[in-house]
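Asks: Sequence:
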Amino acid sequence: MNIWQEQVTIRFGSVDRSDRLTLGAAFDFFQEAAISHANSLGVGRDALMAKGHAWVLSRLSVYFEQRPRYGDTITVRTWPRGGEKLFALRDYDILDSAGTALVRGRSDWLYIDVEKRRPLRVESIMDQLPRNDGVDSLTSGPLGLQARENMQFFGQRQAAYSDIDNFGHMNNVSYVLWIQDMTSMELLDKAARIRLDINYINEIKPGEKVELFSAPVDSCADQADYPANALAAFAYEGRRPADAGGHAFFRAELRLGL
Numbered sequence: 003m004n005i006w007q008e009q010v011t012i013r014f015g016s017v018d019r020s021d022r023l024t025l026g027a028a029f030d031f032f033q034e035a036a037i038s039h040a041n042s043l044g045v046g047r048d049a050l051m052a053k054g055h056a057w058v059l060s061r062l063s064v065y066f067e068q069r070p071r072y073g074d075t076i077t078v079r080t081w082p083r084g085g086e087k088l089f090a091l092r093d094y095d096i097l098d099s100a101g102t103a104l105v106r107g108r109s110d111w112l113y114i115d116v117e118k119r120r121p122l123r124v125e126s127i128m129d130q131l132p133r134n135d136g137v138d139s140l141t142s143g144p145l146g147l148q149a150r151e152n153m154q155f156f157g158q159r160q161a162a163y164s165d166i167d168n169f170g171h172m173n174n175v176s177y178v179l180w181i182q183d184m185t186s187m188e189l190l191d192k193a194a195r196i197r198l199d200i201n202y203i204n205e206i207k208p209g210e211k212v213e214l215f216s217a218p219v220d221s222c223a224d225q226a227d228y229p230a231n232a233l234a235a236f237a238y239e240g241r242r243p244a245d246a247g248g249h250a251f252f253r254a255e256l257r258l259g260l
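So for the sequence shown, the numbering used here puts the first residue at 3; every next one is plus one.
Calculated from the structure, these hints are not laboratory results.
Hints are supplied without guarantee of correctness; some may be wrong.
Ranges of calculated distance between the beta carbons of each label pair, as one might list FRET restraints [claimed, not checked]:
| hint | residue 1 | residue 2 | range |
| --- | --- | --- | --- |
| 1 | Asp129 | Asp245 | 40 to 50 Å |
| 2 | Arg71 | Arg150 | 31 to 41 Å |
| 3 | Asn231 | Lys211 | 36 to 46 Å |
| 4 | Tyr72 | Arg123 | 36 to 46 Å |
| 5 | Ala244 | Asp21 | 38 to 48 Å |
Glycine included, every Cβ here is placed at the ideal spot set by N, Cα and C.
Given these sequences and hints, build the entire structure.
Replies: See the structure below:
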């Protein structure tokens with residue numbers, strides 16, 4: 003199937019105090035749909051692990067034009083869209099019952115050798131994937147986010163049991179949950195439109211300590227696929243402690259609109 007789709011009813015655990023879908027829940031929907039689609043195409047976890055290979059999410063951009071509500075039945079869709087340099091591209095959207103796209107996203111994936119933790123040539127697997135040329139979900143993204151100066155220390159967090167997936171590192175959705183926890187609940191409740199760009203730079207292993215930083219940034223309200231009625235915007239970064247090298251684990255930018 004060129005485009006995979008699943009119907010989901012939004013449940014209590016997927017909404018915040020505004021009764022609307024959270025970022026973390028949307029990322030979880032996208033992750034599960036992508037896994038199901040990859041399995042159906044013969045390029046899922048078990049098929050690749052038999053060869054010592056795996057998919058690793060590198061970058062993802064998501065834009066909520068409208069936030070679905072508790073009890074809504076939505077359609078989550080995903081599709082591969084060819085390759086670009088080292089990356090395999092995969093797009094997403096969430097449709098309401100009338101077929102209107104409420105949430106749209108695009109991701110970049112690395113095809114890696116698990117033992118060496120190094121990328122493989124993505125062209126070697128492209129013939130197993132539908133290309134869906136021209137079926138773009140987002141006009142801008144995902145982005146290669148750069149380090150920012152003058153970020154303020156937010157606190158330290160440790161990768162715990164509930165953060166870790168069966169690859170033995172922090173699951174991509176847990177990064178988003180951490181970003182939510184670094185953001186004002188009042189702002190997240192109020193936001194009607196949300197844009198999140200995240201770069202997964204280095205894996206976070208069980209028990210690893212992460213120093214978290216944030217800073218206000220420009221809203222980008224004049225660009226396509228960003229909230230027009232700006233509410234607030236922030237950059238985030240997770241780093242190894244300075245005495246362990248200080249390298250970045252992830253970078254993200256979150257923009258909220260009314």
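Asks: State for each hint whether it applies.
Replies: Here is how each hint holds up against the structure:
1. Asp129 - Asp245: 40 to 50 Å: Cβ of Asp129 to Cβ of Asp245: about 47 Å, so the range 40 to 50 Å holds.
2. Arg71 - Arg150: 31 to 41 Å: Given about 34 Å between the Cβ atoms, the range holds.
3. Asn231 - Lys211: 36 to 46 Å: About 38 Å separates the Cβ atoms of Asn231 and Lys211, which means 36 to 46 Å holds.
4. Tyr72 - Arg123: 36 to 46 Å: holds, 44 Å
5. Ala244 - Asp21: 38 to 48 Å: holds, 42 Å
Consistency note: the structure conflicts with none of the earlier hints.
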